[in-house]
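A.B. asks: Residue numbers (UniProt numbering), protein chains in the order written: chain A, 1 to 370; chain B, 1 to 370; chain C, 1 to 349; chain D, 1 to 349; chain E, 1 to 75; chain F, 1 to 75.
Because the hints were derived from the structure by calculation, they are not lab data. Keep in mind that this is a model prediction, so the values were computed, not measured. Hints should not be assumed to be uniformly reliable.
[Stated by the list, open to error] Simulated pairs of lysine-lysine, BS3-like, Cα-Cα distance not exceeding 25 Å:
| no. | chain 1 | residue 1 | chain 2 | residue 2 |
| --- | --- | --- | --- | --- |
| 1 | E | K61 | B | K240 |
| 2 | A | K289 | A | K264 |
| 3 | B | K155 | B | K264 |
| 4 | B | K2 | E | K8 |
| 5 | A | K155 | A | K289 |
| 6 | E | K61 | B | K2 |
| 7 | B | K126 | B | K163 |
| 8 | A | K264 | F | K8 |
| 9 | B | K240 | B | K11 |
| 10 | C | K15 | C | K149 |
| 11 | A | K155 | A | K264 |
| 12 | C | K149 | D | K149 |
| 13 | A | K240 | F | K61 |
| 14 | F | K61 | A | K11 |
| 15 | B | K11 | E | K61 |
| 16 | A | K2 | F | K8 |
| 17 | A | K2 | F | K61 |
| 18 | B | K264 | E | K8 |
| 19 | C | K149 | A | K126 |
| 20 | D | K149 | B | K126 |
| 21 | A | K11 | A | K240 |
| 22 | A | K163 | A | K126 |
| 23 | B | K126 | B | K155 |
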Amino acid sequence: MKYVDEFRDGKLAQGLAAAIAREARPERHYAFMEFCGGHTHAISRYGVTDLLPANVRMVHGPGCPVCVLPIGRIDMAIELALRHQAIVCSYGDCLRVPASDGLSLMKARSRGGDIRMVYSAADALKTAQDNPARQVAFFAIGFETTTPPTAVVVKQAAALGLKNFSVLCCHVLTPPAMHHILATRQPSDIAIDGFVGPAHVSTVIGSRPYEVFASDYRKPVVIAGFEPLDVMQAILMLLKQVNDGRAEIENEFTRAVTRDGNPKAQAIVAEVLELRDEFEWRGLGVMKKSALALRREYAEFDAERRFPLAYSVVPDNKACECGAILRGVKRPQDCAIFGTVCTPENPMGSCMVSSEGACAAHYTYGRYKQ
Amino acid sequence: MKYVDEFRDGKLAQGLAAAIAREARPERHYAFMEFCGGHTHAISRYGVTDLLPANVRMVHGPGCPVCVLPIGRIDMAIELALRHQAIVCSYGDCLRVPASDGLSLMKARSRGGDIRMVYSAADALKTAQDNPARQVAFFAIGFETTTPPTAVVVKQAAALGLKNFSVLCCHVLTPPAMHHILATRQPSDIAIDGFVGPAHVSTVIGSRPYEVFASDYRKPVVIAGFEPLDVMQAILMLLKQVNDGRAEIENEFTRAVTRDGNPKAQAIVAEVLELRDEFEWRGLGVMKKSALALRREYAEFDAERRFPLAYSVVPDNKACECGAILRGVKRPQDCAIFGTVCTPENPMGSCMVSSEGACAAHYTYGRYKQ
Amino acid sequence: MTKVREGYVRPLDIKNGRVDLTHGSGGRAMVQLIEELFARHFANEWLAQGNDGALLPPAGGRLVMATDAHVVSPLFFPGGDIGCLSVHGTINDVAVMGATPLWLSASFILEEGFPLADLDRIVASMARASKEAGVPIVTGDTKVVEAGKADGVFITTTGVGMVPEDLTLSGDRARPGDVVLLSGSIGDHGMAIMATRENLGFAAPIVSDTAALHGLIAAMLATDAEIRCLRDPTRGGLATTINEIARQSGVGVMLDEAAIPVNGEVAAACEFLGLDPLYVANEGKLVAIVAAADADTVLAAMRAHPQGSRAALIGEVVADDHHFVQMTTGLGGRRIVDWLTGDQLPRIC
Amino acid sequence: MTKVREGYVRPLDIKNGRVDLTHGSGGRAMVQLIEELFARHFANEWLAQGNDGALLPPAGGRLVMATDAHVVSPLFFPGGDIGCLSVHGTINDVAVMGATPLWLSASFILEEGFPLADLDRIVASMARASKEAGVPIVTGDTKVVEAGKADGVFITTTGVGMVPEDLTLSGDRARPGDVVLLSGSIGDHGMAIMATRENLGFAAPIVSDTAALHGLIAAMLATDAEIRCLRDPTRGGLATTINEIARQSGVGVMLDEAAIPVNGEVAAACEFLGLDPLYVANEGKLVAIVAAADADTVLAAMRAHPQGSRAALIGEVVADDHHFVQMTTGLGGRRIVDWLTGDQLPRIC
Amino acid sequence: MCLAIPAKVVELLPDDQAVIDLGGVRKEISLALVSDVAVNDYVIVHVGYALNKLDQDEAEKTLALFAEIGQVAAA
Amino acid sequence: MCLAIPAKVVELLPDDQAVIDLGGVRKEISLALVSDVAVNDYVIVHVGYALNKLDQDEAEKTLALFAEIGQVAAA
Ligand code: SF4
Ligand code: SF4
Ligand SMILES: [Mg+2]
Ligand SMILES: [Mg+2]
Ligand SMILES: [Mg+2]
Ligand SMILES: [Mg+2]
Ligand SMILES: [Mg+2]
Ligand SMILES: [Mg+2]
Ligand SMILES: [Mg+2]
Ligand SMILES: [Mg+2]
Ligand SMILES: [Mg+2]
Ligand SMILES: [Mg+2]
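Chain A extracted, bound-state conformation (with noise of 0.2 Å):
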């Protein structure tokens, strides 16, 4: 696979390995946060972490979609199935993230709900033209990655007058989760370094949202691709940074990553979606101006407007760490019922369900080095 399998080579590996060790200065540590999931799932699943040396960390971030999703906005897409009977229309990831009532959508099926897995937010639509005499609602999460798929097919729909296809909008924004773990750390958290940028969202927005952490909160930012060898070099490049007191915003992932992303992209979905005025993250609470909601113009595509349905908010359960794992404060292994309650087969946090959520990864890939 061209453009994939040499970005996982292990001979190059070996070499960054080196050059990493050699650039860590072993009389400090170093703490780093990759922003993403894809970051966490590729670190976990090649064994990154046995290619650093010891004094360089990696602190997992927020950068997961699936684990920010609060179980409200799930027992939303569950509600729309049950009492509503549309069919929902979900990404896999969804399916198994634990929501109110021991239920899932997965379970949800079991119990009756027409809920099916798509893999392009195009086969929702295709679902909705097939099912004419059926409602069809498209549960939409992901990150700015996610979202221009979305918008293109709520402006399909629109085109051809679907009368019967919504979209439950739960698209969220990742520089606003930035600003929220720079600006909530206390002085007794770890210090993070510098953090290893969004890949995929960053093809579409572009490396500049970026910029401002470098300036205002003085922590160098690499944008990295999502194989092993991207995050090796991003690594090397922070301890750089940080080697030569620069903070700046450095970009890994030229071969996709532009300093303006995709304007084309950006424009359809500035077209469809405009800011909510808060959300709540899973995890990390409600956030000004962090998610995107149909505009009004597109309103009868909104699954919240055409169906009556009220968003609640649902604690976590008391002993998850979700949040400080999510804000990068403290690890897997730090949580009480990590691995005992709390397994991917029965996650209790939303760090657990998602195999890019940082207590899945620990768990599926990274338990051996309790």
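With chain A held as given, fit chains B, C, D, E and F with the ligands onto it using these hints.
C.D. replies: Positioned in the frame of chain A, the structure of chains B, C, D, E and F with the ligands alone reads:
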């Protein structure tokens, strides 16, 4: 089972058999037609023929409502299910009757038709109430016995204001068939010395409608129950009439049949249904005033008016002798394809379909005699 | 470090849980279902091997192997459920071959959404039936299909048994002059199922006869009488079973209606539905074709066993090129007892 | 008099016919389906006995019994169909126990409306697979359920085989120091199924590896090497199978990612779907745990067999109280290879 | 098809419904087509509807007649 | 969740659709979010949509840099 077992008693049967043997004059042959499939079934299932002298022969008549149902009517029911996507409710007897294109209601089910067996017209009505979003058509077949329940549910549907219930009315009348048989007999046909008249049909219409056969055609008629002893007693009564030179209407089934029948049932039928000008009977052809249709006041419950349905005449298999068998001029074993091409699994003609059909009864119960 | 219980942690919620697709995925959820539900009920040393199949001790003699899928609806009925039925049905197929049933396998096809409580009840019933019969379930399989692609649960069981070298019971061994024995009343299972059908709308105190027959069969074989063939008249009823034997052996059979036991409620329910009890399914009855000289011996052995207390001689084998099964009716006439034609019955086994 | 052919007359319309409820009724229509479709394809002396089960010749040694329900969707896929899969799958479960597979039973659950032409194709494929493997289908059963209560056809097969007295292969025999051998590329079956799924919308020249492995296994056993255990990594893939063995034996396993063969298209399709080939099903591959000293001998025997030409040593058994399966990644790092969690895959077996 | 059974009325229900008994088997049927049916009456039941009352005197007379005929014939 | 793959465009289809190839696996995707894509271009594909073109020069430069870094480190 009170009033059932007593009428199947082997010892009483011996007595009646002895009386019949005495009454039958050895110097002549007797042939009686049992009009109803119910009688045919009782004779076959209980082996009544074995208890009759060799010179008393029973000839099967046309009184099997499944047998006389023309293929074109079944095609209409299938069309309701497959083309109009209605739920078709049918008595079990009709499910396997071969229709056009190698189909039957059962096979139409396996091609996706929603065809449901009901035990009662009331179940069909309930199906409509339980499936308000679907059209439900009741495939109403049968003689005067089965007609009143159909009339009842049409009245109920009207009272309930149901918009999704209709009846494909195929109810037929026994007297026209008896007329037809007597009127079409050729001098070369086996003489029929008398009729065992309908049992349950007569509970509804009474014995009066048969009086005309005794008077006009000079044939004795004995109304008889469907238990084997009833049939034997009727045979004895017919023998006596023949031997006495009488041609009267007599009633063996006094426990359930009066001269006037059930006036309440007759009134309900008259209120809901009216005579058709003509109707095709399988094997017997088109007969005037021989069947019923919904009155104009109940037109909205008439499947033939609610759906674009047209009746087409479908000829029987050329080799099939059903017509002659139903008229009592041939026996099943006179048909060239009896038991080879035509079997209960693959019926070619109507008489092989219902266990009350002459060919099926002979195949299922009587073949050993060949 | 955190102590992780082997493989999974939170117990199955048997009370309120439902089968979902993960239970058939081959992953941890499936392992948990197998261990906490199936293995708990079926517990035996062979199943505990935990391999792809069961390794069983040497067993001398010829093998008998029989299999049946069980798709009965409803799953629970008066006198039993799909679980015990699936054990009895296959044990009986092995036993009527003259074999001692030794081992069973069980394979489950579960519909997404099926309540675990019902599954637990069914599996417990299987375990009880297997234990009572002394025939362990030594290996199994579980698959889950999407909601709407099955009907709750289907269970296929396969049985293996051993027959002594000198014993061969087979449907082709009936000879003119042999007698036909029946172990008890007919139609109970099928009518018990029918009575549960709401749309038939009748109520009757009819209980399925589902039972394992190998004990009765052992008692019959112990007489050393000349038993030609045994068979359990399940789907299609007595009529179909007798026709099968007549066809396999190339003979005719003459039955005596008056000798065939039918419980009153079964007869009455058949009357209502226009059915003939000869065609209604049984799950705990057997038919034996026996040399005439040994009829009394075998009948006595049957009657001495609780499952054969109403055993009766119901007919005899006759020469007939057409292989017709005929019957002297209660009325004194004669009729053919044909194969079952069609089927308008609910699913019964 | 009319000569009536035994029991039924007009042949099944295999070309255009469909399964209907009468085919499961136990009556003549069912007998016809069995004779004109199943028995025609499976023809063998044991099935021809026509009894409730098959009477099989004496077979020395210990028995192995294994069963699997097959519910794969779609029924026909590149490289096979549910028919041959149901034969291979159960033969393999018997064979990985070290047994010579001898007999199969087959039980069918058919959905009303299923085209007889498809059934015929499936049964012919089973017959071919059974013949090629030399393992006859000796008994069977057929049930029909109403349209909408199943999904075309489900097939449960049960296999019986014999193991020599001195051979015991079992998942609990892996010991630290043993090596892990794999017979060939992983993920082919599961991805071949996925590629047929319209809603996944990808096209790839991937062919299922469905195959009977008892020939390969016989060649391995003929080396007299110390083979601890064999297993076919089906549902849940290689990862799940290795975890099962680690758990049963109470050991850990360290795999080497670079040594595990994965076909390019399978890897690419996994990339598209975000799947890990370690969790994708195989139907013609086996894993062997072998004493280290015998690794080369067994590997050579495997590679000499056409089904093992790409056999590889993919890891070793280690002591580990957590029974973790770990893997050295292609990158040079290390990760846990956990049990499969959840399942978003189509039905594969 | 014209199958009908004589059964005893054991309970009258609202809406012209009744429970009948035949040999221990009970079923709910409709009395919409008959008048003046009381508990312990026998009715002829067809597709879930009583078609008529069964005249028990006549039934006994018929059976007595059968018995008499048999005796005469045997004489 | 943000899983995206670089794949080669092998065919342009009507309605802004295209066929892409990744290691022998082909899939139809949408080009609605990108401009000026030609056959043989590589695109980053996410949930069935191309998010961006992949700059092949930059990819090669990055790989070359990795190799260089490795050599330097090993030196
Ligand atoms: S282990 Fe579970 S409960 Fe604990 S922090 Fe992680 S997700 Fe939350
Ligand atoms: S045997 Fe068949 S074809 Fe011949 S008359 Fe009877 S029904 Fe018709
Ligand atoms: Mg069987
Ligand atoms: Mg059985
Ligand atoms: Mg049997
Ligand atoms: Mg299995
Ligand atoms: Mg269902
Ligand atoms: Mg198995
Ligand atoms: Mg298997
Ligand atoms: Mg296996
Ligand atoms: Mg069977
Ligand atoms: Mg289906």
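A.B. asks: Name the hints, by number, that the structure is in violation of.
C.D. replies: Structure breaks no hint.
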